[in-house]
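In terms of UniProt numbering, the sequence shown has 701 at position 701, counting the first letter as 1, and numbering is strictly consecutive.
Hints may contain errors.
As the list claims (entries may be wrong) - Below, a list of computed lysine-lysine pairs in the BS3-like style, where the Cα atoms sit at most 25 Å apart:
id, residue 1, residue 2
1, Lys302, Lys232
2, Lys584, Lys525
3, Lys180, Lys287
4, Lys86, Lys101
5, Lys645, Lys584
6, Lys530, Lys545
7, Lys645, Lys281
8, Lys573, Lys110
9, Lys508, Lys302
10, Lys563, Lys645
11, Lys600, Lys622
Since the hints were made in silico from the structure, they are not lab data.
Quick caveat: nothing in here was measured; it's all calculated off a predicted structure.
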Amino acid sequence: MDDKVLEAAVLAPKLFVDVSLGEGEEYNRDPGFQLTKEQIVNLRRYEVLGLSLPVVIDDVIVYLDYGQGDAGGPGLTPGDFLATFKKTYEHARGWSPLREKIMLTGTDLKIFAGSILRIGNGIVEIYEDQKVSSYLEEHGIDTPEKYLAQQFLNPGIPSLDLSAGDLYELRTYLDEMLSKVQSAHTKATSVRDEIDRFGTAMREDVLPSVKLRLKAVSENTYQSDIKALQQKIDDRSEEIEQLSNQYDQMVKDAIMAAASLNVAGLILGIYTGVKAEEIRKQRNALKEAQARDNLQMLSKNKTLSSLNRIRTDLQELKDVTVEAEVATQNLMLVWNSLALYVKASKEDADLLDNALSLRQFKNQVLSIIEPWNQIKNSADQLLGVFAEADKEYEAGQLQGAEGVKMFRSFSASDTPSFNIVQLRACNAQLQDSNVTAQMLFERWDYQHGNVEKTNGLALAANQATVSLRVLSGTTIINLQQSLKKLELLQGEVASPIDADEVRSDMHKELNRLSAQLTASSDELKNSNQKLLVSYSRDSSAQLAKGLRAEQAYAEERMAVLEKQRDELEPKIKSVSDGIDLIAKAGIEKLGEQMDLSKDKVVELGMTPPQVAVVMFAIDTLKMLIEDIGTTVSYLNMVAQLNRLKDRLAELKDQAKRFTSDALRAAGQIELLQALDKVDEQRSDYVAEFSRLLAYYEDLSIKFTPAQAEPVEARVEFAIAEIKEDITYLTPMKL
């Protein structure tokens with residue numbers, strides 16, 4: 001018999017596998033998880049709400065409805081909201097085409113599954129119908145030499161020749177099956193990648209932006225700004241009232257002086273009129289400022305009212321986005337499960353060329369079709385959940401928790417394990433602290449480099465948390481696949497004919513599993529490395545120390561200025577009261593020089609208490625102003641009063657500047673504390689994460705076959721360990 005025919009018949013897979021399959025780079029991301037119709041509805045709600053957001057600057061301005069001339073301040077400008085809304089809108093509009101692709105591909109997988117199961121079973125049936133196949137297996141013949149030796153001893157053994165019909169049927173079956181597996185793998189991987197991108201964008205871009213905008217709105221300073229502005233308006237009202245009284249009195253005095261028809265009276269009337277005009281201009285300037293501040297008050301009140309409304313809207317947007325993000329994670333995990341099972345089928349299909357015997361070929365065909373039972377069921381359930389979600393969304397209502405239909409890709413255990421709850425709690429706290437730091441950075445524009453660094457740490461922790469669910473699910477599926485193969489091999493090793501070959505397969509499977517687990521461990525190490533970026537709390541403490549010194553100095557100066565203002569205000573009032581009394585008594589009686597002495601004050605006809613008030617005002621001026629001289633005139637008193645008021649205004653301006661400095665220093669200290677908090681919570685997260693890292697490092701080496709130990713014992717150990725590891729890992733994907 002021709003050697004080529006003999007070799008082709010004995011190495012059966014080589015006879016039938018003539019299809020060259022395309023290769024593609026893969027990345028493992030899959031767990032089993034739960035997906036409810038409620039969560040699909042949440043994604044629809046997110047889509048509707050996201051698409052309703054204004055994404056043109058003019059529309060955003062109309063939506064915000066701030067007071068006239070009010071831009072909102074740091075983190076609250078129309079541009080800030082436009083960036084958040086546009087980001088959310090663009091992301092939300094991607095859900096509908098993604099959903100459609102999920103449904104179409106899920107339907108394809110369901111159809112593929114039935115077809116592949118039928119084809120695979122057909123191939124196995126044809127092989128099992130061949131007399132030569134059972135004879136070769138029974139006698140352990142897996143090389144041409146063994147076949148020739150057996151034929152020499154027993155010329156009547158079954159022929160290796162296959163009928164043309166069987167050969168054509170097998171080739172057709174196999175080509176069709178491998179083509180369908182390749183096609184399904186390509187489609188499933190494409191959808192998985194799109195869901196992954198959708199979820200990553202929501203988790204790392206959209207949700208942090210919404211949270212940041214909500215934080216800025218919730219902690220806006222408009223309430224305190226309005227309070228400060230009201231105090232400013234009240235103070236100015238008192239000042240306007242005083243100037244109005246002075247002006248009215250001076251106009252009256254100017255008229256009376258001019259009416260005296262003597263030279264002194266005319267001079268006094270002219271001088272008083274000029275001073276009255278100056279006071280009028282000063283008063284009018286204050287009135288204009290008051291009018292501007294009143295408009296600003298109306299504007300700020302309207303803006304505050306709008307921010308309260310916006311806060312409610314953003315809270316709703318945040319809640320819906322959080323729910324949609326959870327739903328996306330779960331959808332991604334469910335689809336990854338499907339994709340990983342398709343990938344497992346494809347990888348087994350790729351090994352057909354390397355099969356060495358009929359037994360291995362049949363086992364490989366069974367391995368190719370085995371995942372498709374799960375794929376068919378899972379795809380069917382997934383489509384059912386989407387259909388029910390659509391129905392309930394259109395009806396506008398959801399059933400209660402007891403009525404929620406649950407989609408579960410694979411069974412899960414309630415056995416507690418590594419503290420995944422603690423890890424997620426650390427991550428949640430870290431994300432909240434990072435949002436606070438981002439909001440404070442928007443407000444104070446300080447520590448840009450460290451803010452970027454801690455934001456990167458927060459993103460790394462978030463990515464690690466989500467990836468952990470994916471990774472644990474992937475590990476479980478890899479372990480489940482190996483468990484099935486090892487249990488099958490464990491049953492076959494008892495046959496003396498196949499024992500050596502089965503032991504070789506055991507070694508290969510253990511090595512394959514070890515390589516998969518090593519890759520998972522390396523992925524965790526990469527995640528951990530991103531969490532170890534250096535951040536110096538010592539440097540932060542030094543910066544905070546300097547800022548506290550600045551704050552203390554500013555507060556000290558504020559206290560000094562406050563004291564000076566408190567001392568000056570009653571003295572100004574005293575002088576102002578004295579001037580008012582003189583004006584009411586009639587300044588034309590003072591004569592041309594308008595000099596004031598106790599006698600002249602008495603001559604004005606004042607009562608003793610009024611005289612005391614005027615003299616106290618004169619003494620106050622002499623005490624406050626060194627170069628005022630021993631003799632004080634009425635006009636001199638008015639001029640000095642204005643100087644004192646200017647001094648008071650200067651004190652208030654200085655106090656305002658130092659108040660601003662103190663607030664800035666306090667805000668920057670708060671930002672440093674928020675950054676330190678992020679770093680502190682990063683440390684807590686890393687401490688918990690390191691426990692899992694150690695577990696995976698141990699997991700990656702414990703299934704490596706030991707040459708000094710029988711492989712059967714290693715397989716027995718591996719089967720027991722795999723079951724425990726699946727139980728241990730299951731809670732991490734929930």
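Here's how the hints hold up against the structure:
1. Lys302 x Lys232: Given that 25 Å is the threshold and the Cα spacing comes to 19 Å, the pair holds.
2. Lys584 x Lys525: violated (88 Å)
3. Lys180 x Lys287: violated (84 Å)
4. Lys86 x Lys101: Holds - the C-alpha atoms of Lys101 and Lys86 are around 24 Å apart, at most 25 Å.
5. Lys645 x Lys584: The given pair, whose Cα atoms are some 21 Å apart, holds under the 25 Å limit.
6. Lys530 x Lys545: Status violated; Cα separation ~30 Å.
7. Lys645 x Lys281: Within the cut-off at roughly 15 Å; holds.
8. Lys573 x Lys110: It is violated: about 90 Å lies between the C-alpha atoms, which goes past 25 Å.
9. Lys508 x Lys302: Outside the cut-off at roughly 73 Å; violated.
10. Lys563 x Lys645: holds (16 Å)
11. Lys600 x Lys622: Holds, because 18 Å separates the two Cα atoms, which is no more than 25 Å.
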